[in-house]
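**Student:** Work out the full structure, taking the sequences as your base and the hints as a guide.
2 protein chains.
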Amino acid sequence: MTLDSRDYLTDGAEIYRRSFAIIRAEADLSGLSPDLARTVVRMIHACGMTDLPRDLAAAPGAAEAGRAALLAGAPILCDAAMVAAGITRARLPAQNEVICTLNAPEVPDLAAKLATTRSAAALELWRDRLQGAVVAIGNAPTALFHLLDMIDAGAPRPALILGLPVGFVGAAESKAALQADSRGVPFITILGRRGGSAITSAAVNALASEAE
Amino acid sequence: MTLDSRDYLTDGAEIYRRSFAIIRAEADLSGLSPDLARTVVRMIHACGMTDLPRDLAAAPGAAEAGRAALLAGAPILCDAAMVAAGITRARLPAQNEVICTLNAPEVPDLAAKLATTRSAAALELWRDRLQGAVVAIGNAPTALFHLLDMIDAGAPRPALILGLPVGFVGAAESKAALQADSRGVPFITILGRRGGSAITSAAVNALASEAE
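Chains as they are written, first to last, in the working numbering: chain A, 143 to 354; chain B, 143 to 354.
If you are wondering where the hints come from, they were derived from the structure by calculation, not from laboratory data.
The model shown is predicted, which means the values in this text are computed figures rather than measured ones.
Wrong hints could be hidden among the right ones.
Copies of the same chain are indistinguishable here, so a pair counts whether it falls within one copy or spans any two.
Mimicking SDA-like on lysine to any residue, the simulated pairs with C-alpha atoms at most 20 Å apart in a straight line are [said to hold, decoys possible]:
| # | residue 1 | residue 2 |
| --- | --- | --- |
| 1 | K255 | E352 |
| 2 | K255 | D291 |
| 3 | K255 | M292 |
| 4 | K255 | D149 |
| 5 | K255 | R269 |
| 6 | K255 | G215 |
| 7 | K255 | D153 |
| 8 | K255 | F310 |
| 9 | K255 | T152 |
| 10 | K255 | A155 |
| 11 | K255 | L151 |
| 12 | K255 | A314 |
**Tutor:** Now the structure itself:
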């Protein structure tokens with residue numbers, strides 16, 4: 143490894159190409175469909191960890207369902223502003239709307255009324271956009287739990303759930319609940335504590351375009 | 143582990159409290175100053191990995207320097223929109239400016255002229271804000287390399303470099319270069335491939351307020 147900072151690669155396209163080549167050489171992508179593999183490669187790119195597939199769980203056809211939904215113009219519903227900020231608008235195939243309701247003015251009152259977190263309460267404002275949407279949960283376990291509760295209570299079904307909350311309280315549990323019973327909705331998740339906004343927006347960006 | 147999604151914790155403050163307690167119980171924070179430990183706890187919270195301290199490198203007093211700079215009103219210079227989006231404005235002690243120049247209109251031309259990435263070229267627009275600033279690099283290795291080059295060429299010195307780019311080409315190398323010679327600037331980094339925008343904005347959020 144050179145420590146001379148004047149001797150580093152500065153061609154953005156070449157950096158991407160080499161990065162994805164390293165990931166595909168190191169990561170075990172066996173058994174994944176081409177669309178899911180491409181999605182996982184980009185998730186790995188966002189976190190620097192090629193062992194991510196070890197914890198991957200996905201419904202058959204989930205990546206394809208998400209890609210089809212985006213091509214058809216589905217909105218992307220994000221639980222956190224960081225997830226929304228990480229989605230590359232130029233990659234979206236249909237000028238898809240990117241929606242995050244967390245900071246909507248009614249959310250604090252709604253959270254108090256529902257006795258839940260703001261992250262969970264914010265999903266109540268998704269209801270009229272949920273049908274056929276791509277849901278991207280990259281922060282709050284309570285948001286993923288609340289989504290499952292909403293679907294159980296009759297809310298419209300999204301086309302895909304990217305269920306990727308991160309952390310120590312509820313993250314592993316909410317993702318295990320999604321894997322155990324996704325209520326028939328296609329899903330992609332990383333079981334355990336890992337997840338987060340960068341991995342989540344990377345997954346959306348991968349589904350949005352076949353270009354690496 | 144229960145899979146009943148109706149049986150999960152929904153009190154945001156209690157989720158935070160338990161999360162930080164788990165992190166402090168599991169992570170090896172020995173030898174870290176209180177400010178640095180608090181910063182690392184929040185970085186772990188953002189990625190779900192309690193082994194993060196294994197790869198930590200920081201100059202003595204770096205967290206304290208960053209905290210003092212923020213209290214004194216220093217701007218926060220971010221290499222990526224996601225880093226800026228993840229900074230909790232309400233935690234900032236002096237309504238500090240959060241600046242990301244990546245999408246400034248002159249950046250593509252600047253990148254072509256300097257034969258580097260847009261992420262690196264965007265730092266050229268930081269020059270008149272760099273003195274005493276908190277630099278938060280959470281995405282691009284070329285941005286961290288370019289910052290070191292700028293300082294070598296006489297650019298003003300920031301108060302703190304959070305050098306946390308992620309990935310497979312240049313990330314480990316740029317962070318090793320920072321650790322080997324930070325040009326006398328206080329720094330905090332995670333060596334190797336791990337890093338990213340969520341970890342980086344979490345570090346800023348920790349330095350911004352002593353409240354966990």
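**Student:** So, for every hint listed, does it hold in this structure?
**Tutor:** Each hint, compared with the structure:
Proximity of K255 and E352 under a CA criterion of 20 Å is satisfied in neither setting, with 43 Å inside one chain copy and 30 Å between copies. For a Cα distance limit of 20 Å, the shortest separation of K255 from D291 inside one copy, 16 Å, qualifies, whereas the shortest one across copies, 53 Å, does not. Taking the shortest Cα distances, K255 and M292 sit within 20 Å of each other inside one copy (16 Å), while across copies they are farther apart (52 Å). In the homo-oligomer, the alpha carbons of K255 and D149 lie at most 20 Å apart only across protomers (18 Å), although the nearest pairing inside one protomer, at 57 Å, exceeds that limit.
Taking the shortest Cα distances, K255 and R269 sit within 20 Å of each other inside one copy (17 Å), while across copies they are farther apart (48 Å). Proximity of K255 to G215 under the C-alpha cut-off of 20 Å is found in neither arrangement, the shortest distances being 33 Å within a copy and 37 Å between copies. Taking identical chains as interchangeable, the C-alpha atoms of K255 and D153 lie at most 20 Å apart only when they sit on different chains, with a minimum of 13 Å there against 52 Å within one chain. Proximity of K255 to F310 under the C-alpha cut-off of 20 Å is found in neither arrangement, the shortest distances being 26 Å within a copy and 46 Å between copies.
When the C-alpha separation of K255 and T152 is checked against a cutoff of 20 Å, the pair qualifies only between copies, where the shortest distance is 12 Å, while the shortest distance within a copy is 52 Å. Taking CA atoms no more than 20 Å apart as the test, K255 paired with A155 passes between copies only; the shortest distance there is 16 Å, against 49 Å inside one copy. Within a single copy, K255 and L151 get their C-alpha atoms only as close as 53 Å, which misses the 20 Å cut-off; across copies the closest is 16 Å, which meets it. Taking identical chains as interchangeable, the C-alpha atoms of K255 and A314 are never at most 20 Å apart, the minima being 26 Å within one chain and 47 Å between chains.
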